[in-house]
Structure formats: C-alpha cells, structure tokens
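Could you put together the complete structure from these sequences and hints?
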Amino acid sequence: QVQLVESGGGVVQPGRSLRLSCAASGFTFSTYAMHWVRQAPGKGLEWVAFISYDGSKTYDVDSVKGRFTISRDNSKNMLYLQMDSLRAEDTAVYYCAKAKRLQWEKDVFDIWGQGIMVTVSS
Amino acid sequence: DIQMTQSPSTLSASVGDRVTITCRASQSISTWLAWYQQKPGKAPKLLIYDASSLESGVPSRFSGSASGTEFTLTISSLQPDDFATYYCQQYNSYSFVFGPGTKVDIK
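So the protein sequences, as listed, match chains A and H. To convert, note that position 87 of the first sequence is 87 in the working numbering; the numbers rise steadily by one, no gaps. To convert, note that position 71 of the second sequence is 1071 in the working numbering; the numbers rise steadily by one, no gaps.
Derived from the structure by calculation, the hints contain no laboratory data. Please note that the accuracy of each hint is not assured.
[What the hints assert, rightly or not] Covered by chain H, according to a simulated footprint, are these stretches of chain A (three or more residues, beta-carbon under 8 Å): (1) 38–50; (2) 106–116.
[Claimed, not checked] EDC-like cross-link-like pairs, simulated, lysine to aspartate or glutamate; straight-line CA separation at most 20 Å: (3) K1045/H <-> D1105/H; (4) K43/A <-> D1105/H; (5) K65/A <-> D1001/H; (6) K57/A <-> D73/A; (7) K1042/H <-> E46/A; (8) K106/A <-> D1050/H; (9) K106/A <-> E1055/H; (10) K1039/H <-> D110/A; (11) K1039/H <-> E46/A; (12) K1042/H <-> D110/A; (13) K1103/H <-> E46/A; (14) K1107/H <-> D1082/H; (15) K1039/H <-> D1081/H; (16) K100/A <-> D1050/H; (17) K1045/H <-> E46/A; (18) K76/A <-> D54/A; (19) K106/A <-> D1001/H; (20) K65/A <-> E89/A; (21) K1107/H <-> D1017/H; (22) K1045/H <-> D110/A.
Glycine included, C-beta positions come from ideal geometry on N, C-alpha and C.
Pasting the structure below:
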C-alpha cells in the first residue's frame, strides 16, 4: 500500500543540524511532488517546504528560509529535509506528505507519514 | 501572502447534529481549497479537495462548498468518529497555507 515513513528525528541543541528522511513506497515516487509539514506541540499545521516531482523546483516558508533545505533522491524513493541552525521554535512533529495528482505542483496532500518529533533544546 | 481564517475555533456538538465550519481566504484562491481531519497523535487525513470533491473512502456525510473566498465544510450528521480538529488549506499558490483549525468536541 501507499506509505510514507519518516526517520531521523530526536533532540538537538540550538544552532545544530539534523536531517530528516522520508521513505516512500507503494507508488511511483518520481512522478509526485512532495512536502514537509510541521506541527508544534499543541499548535496547528504549518507547511514547511515543497519539492517538485523531478526536484527542479523548491519552495519553503519564510521562517525556515536559508536554514532548511528540501531534497529528494528518486532513485531511492527518498525525501529529505536538511535542517541547519535549529532554533527552539523549530520544535515540532514533522510530517512528509505526497501531492495527490501526477506531476501537479499546486495540489492537495493525500498521503501523510506518521510524523517524527524534533526537539530543539539545550 | 494569502491568509486563511476559520470559524469557529471550537465547536461543541452532539451525535446526529449538522455541523458547519467556515474558512475564508484573504484573496481569491479559485476553488483550490482542501479540508483535513486530524485526531490527537495522528497525521491529518484528507477529506475534501478542490473545495467540493470528496476524497475516496471518506463518508458522504462530509461535503464542501465555495462562494467567492468563503468555503464551508459540512458534516450532515455528526458521528462519534468525527470528533476531531479540522483544517482548511489553500493550494492556489506555493505557500500552501493552512487555517488555524476548528476543534469539534462533544457537547
């Protein structure tokens, strides 16, 4: 079945780096745009970053510009989020999510991973 | 940047009630609007996309509508499994903004 599984979370000190991974299975990964979405404890959903199906386009939310980088390896069916210069306010559950329609960029998210916790604390 | 608002922020209702949640966009997003349901500790689940299209497998008691920049999610007869938080999201631009959420709890 279609599945997304995140890994790489944990506790990290402010200013340090962490890389999240998302393993995709059950669909042709290379033909769908992908996203990262986060949710701080007790708060709502915040879209973080987008990458087109072929990796040629990326966009991210202003609060992570210059610090987070989204990337993908279509040969391995993997999505990544490199998070540098982490701050306390980056503490959240991070979800990877799949766009619904083939090669669409501005699209809904139909499949989500289970989420992975990232805690930024000294 | 597009801003999304939702009302109410909390809604208390009983099983069998008809429930309506409203989402407003700060500018035109055509019908590029989705609704998600989230339960505590779980990932969001897509309910409605393109403002009024029902996602496969979602019960028909859920419906969506649009009028200009105002969007509505309706649950025709609230069921015990529907107590959750609901989020709208625009995907007209590359900002993919979510609304702040509406929590539906038991009256």
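For each hint, the structure was consulted:
no. : hint                : verdict
1   : 38–50               : holds (count 5)
2   : 106–116             : holds (count 9)
3   : K1045/H <-> D1105/H : 18 Å, holds
4   : K43/A <-> D1105/H   : 17 Å, holds
5   : K65/A <-> D1001/H   : 15 Å, holds
6   : K57/A <-> D73/A     : 14 Å, holds
7   : K1042/H <-> E46/A   : 15 Å, holds
8   : K106/A <-> D1050/H  : 11 Å, holds
9   : K106/A <-> E1055/H  : 17 Å, holds
10  : K1039/H <-> D110/A  : 16 Å, holds
11  : K1039/H <-> E46/A   : 16 Å, holds
12  : K1042/H <-> D110/A  : 14 Å, holds
13  : K1103/H <-> E46/A   : 17 Å, holds
14  : K1107/H <-> D1082/H : 13 Å, holds
15  : K1039/H <-> D1081/H : 9 Å, holds
16  : K100/A <-> D1050/H  : 11 Å, holds
17  : K1045/H <-> E46/A   : 15 Å, holds
18  : K76/A <-> D54/A     : 13 Å, holds
19  : K106/A <-> D1001/H  : 15 Å, holds
20  : K65/A <-> E89/A     : 14 Å, holds
21  : K1107/H <-> D1017/H : 10 Å, holds
22  : K1045/H <-> D110/A  : 7 Å, holds
Figure legend: structure checked against the earlier numbered hints; every hint is met.
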